[in-house]
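Chains as they are written, first to last, in this note's numbering: chain V, 1 to 258; chain F, 259 to 493.
Over 12 Å on every C-beta distance to chain V, these chain F residues come out as not near it, computed from the model: (1) Phe291; (2) Arg294; (3) Thr324; (4) Arg403.
Covered stretches of chain V (in silico footprint by chain F; criterion: 3 or more residues with CB under 8 Å from a CB of chain F, positions within the stretch not fixed): (5) 185 to 197; (6) 211 to 221; (7) 239 to 246.
Just a few of them, taken from the derived set where beta-carbon distance is under 7 Å, the chain F residues facing chain V: (8) His276; (9) Leu277; (10) Asn319; (11) Tyr320; (12) Arg321; (13) Pro343; (14) Ile346; (15) Leu347; (16) Pro365; (17) Arg366.
Rather than coming from a laboratory, the hints here were simulated on the basis of the structure.
All C-beta atoms, glycine included, are put in the ideal place defined by N, C-alpha and C.
Each chain, letter by letter, is given below.
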Amino acid sequence: MNDAPLLTARGLSKHYGPRIGCEAVSFDLYEGEVLAVVGESGSGKSTLLKLLATETPPTAGSVHYRMRDGAVRDLFALTEAERRFLLRTDWGFVRQDAREGLRMSVSAGGNVGERLMAVGERHYGRIRGTAIDWLGRVEIDGDRIDDLPRDFSGGMRQRLQIARNLVTHPRLVFMDEPTSGLDVSVQARLLDLLRGLVAELGLAVIIVTHDLAVARLLSHRIMVMRHGRVIETGLTDQVLDDPSEAYTQLLVSSVLAA
Amino acid sequence: MTEPLVSLSGVAKSFTLHLRDGMRIRVVDNVSFAARPGECVVLGGPSGAGKSSILKMIYGNYRCDTGTIAVRDGAEIVDVAKAEPRRILALRAHVMGYVSQFLRVIPRVSALDIVAASAAESGLGRQDAWCRAERLLTLLNVPERLWSLPPGTFSGGEQQRVNIARGLAPDRPLLLLDEPTASLDAANRAVVVRLIEEKKKAGVAIVGIFHDEDVRDKVADRVIDMAAFATEKAA
Chain V
1 MNDAPLLTAR GLSKHYGPRI GCEAVSFDLY EGEVLAVVGE SGSGKSTLLK LLATETPPTA
61 GSVHYRMRDG AVRDLFALTE AERRFLLRTD WGFVRQDARE GLRMSVSAGG NVGERLMAVG
121 ERHYGRIRGT AIDWLGRVEI DGDRIDDLPR DFSGGMRQRL QIARNLVTHP RLVFMDEPTS
181 GLDVSVQARL LDLLRGLVAE LGLAVIIVTH DLAVARLLSH RIMVMRHGRV IETGLTDQVL
241 DDPSEAYTQL LVSSVLAA
Chain F
259 MTEPLVSLSG VAKSFTLHLR DGMRIRVVDN VSFAARPGEC VVLGGPSGAG KSSILKMIYG
319 NYRCDTGTIA VRDGAEIVDV AKAEPRRILA LRAHVMGYVS QFLRVIPRVS ALDIVAASAA
379 ESGLGRQDAW CRAERLLTLL NVPERLWSLP PGTFSGGEQQ RVNIARGLAP DRPLLLLDEP
439 TASLDAANRA VVVRLIEEKK KAGVAIVGIF HDEDVRDKVA DRVIDMAAFA TEKAA
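The whole structure should be built from the sequences, with the hints applied where relevant.
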């Protein structure tokens, strides 16, 4: 229980001129831990995700990450080459719009294989074999391997995006509203798939969602954000069943029970 | 006498309802009791007395305002009232289980998988987990033709029995039972009583709520009267 955190954020802030994107966010994330960041649109949860994934520099604060070799590095002091290496191997990023996370003009197999080639795999047969294996794990028929993602349904594209991200066995995956915009039945299938893969691979995940049911199903821990600040944090079921802040109580009580 | 597995001391709980002008509801005050290995402690008193809230606080599902909830994990004592989320999750994996009468259904996962996965979580091997799941579902009269189906479409009683099987499948030293027998028929109640006795023999400490007097008389070693922890309802 006294292992070191995988990622440590301290006092992380992002201001856009006078507007606050997020303010003084601090937390630790451990290996195998799933953290949900919830809040309404404009709460700063997507800004926080962009900061953590080093897509935008912070106004203040730091993020430290424990690399595979055990060295703890300041993410905003990495060289561009080091940063790209992290993004292509040790991290995944599953985006809400699969078109942003996939290469739409490259085949399904190519989308998965590309990440493998980025980590140095050159053998065509092995790449194709691994791609077929991963398509199967996300429940896409192997005979769709040469098809383009643009011919896939929304749910299939999202599953392909997950395969593309997980093929390099990342330790940390960022997810930005991965299930919104999908039909409810498609959502359920995707959630179930994610739940299984996350547990099986022992992934650390930071998932941004406005859907409290998604947070409850997937996450261990939850952070509630409002106006750029974290207003409540804790064990997911504790925060959802016994919310202490007024805004969290409002969020929880606004959900329709199906 | 052996050391308690769980020991509450001076525990108080209230809810502040911000959407109701900050109305404060005091649930329990100064709760102190302990449960030792092989012992079944039953919380007694009318509904609304805060019995479920106490179980939920021990499980870390509800926060605790004051006091300590000491749970023994091997040689270590953890105060659930102050522990970090991941410490509580580790306790839930290895030390304490919680069974209510309601099953939270997850789409696409079969009844047998739900029970076997629960057994495996506490460290049982795959084969043992499956055997135990089959035994429990058989004992609890869940028809075998249903085992491979997700329980979403099962009757309320069938879901409840799958949930009991899931809750009793793992080997954990502390078990929290929130009316698992409510609305079960006599035959299935008797099965649950037998399973609880098996747990006690195996040295499991149990804190439970049973409205059914017949079940309570059979399993309880001690009944704790909630009146001792009462508060004025509004402050």
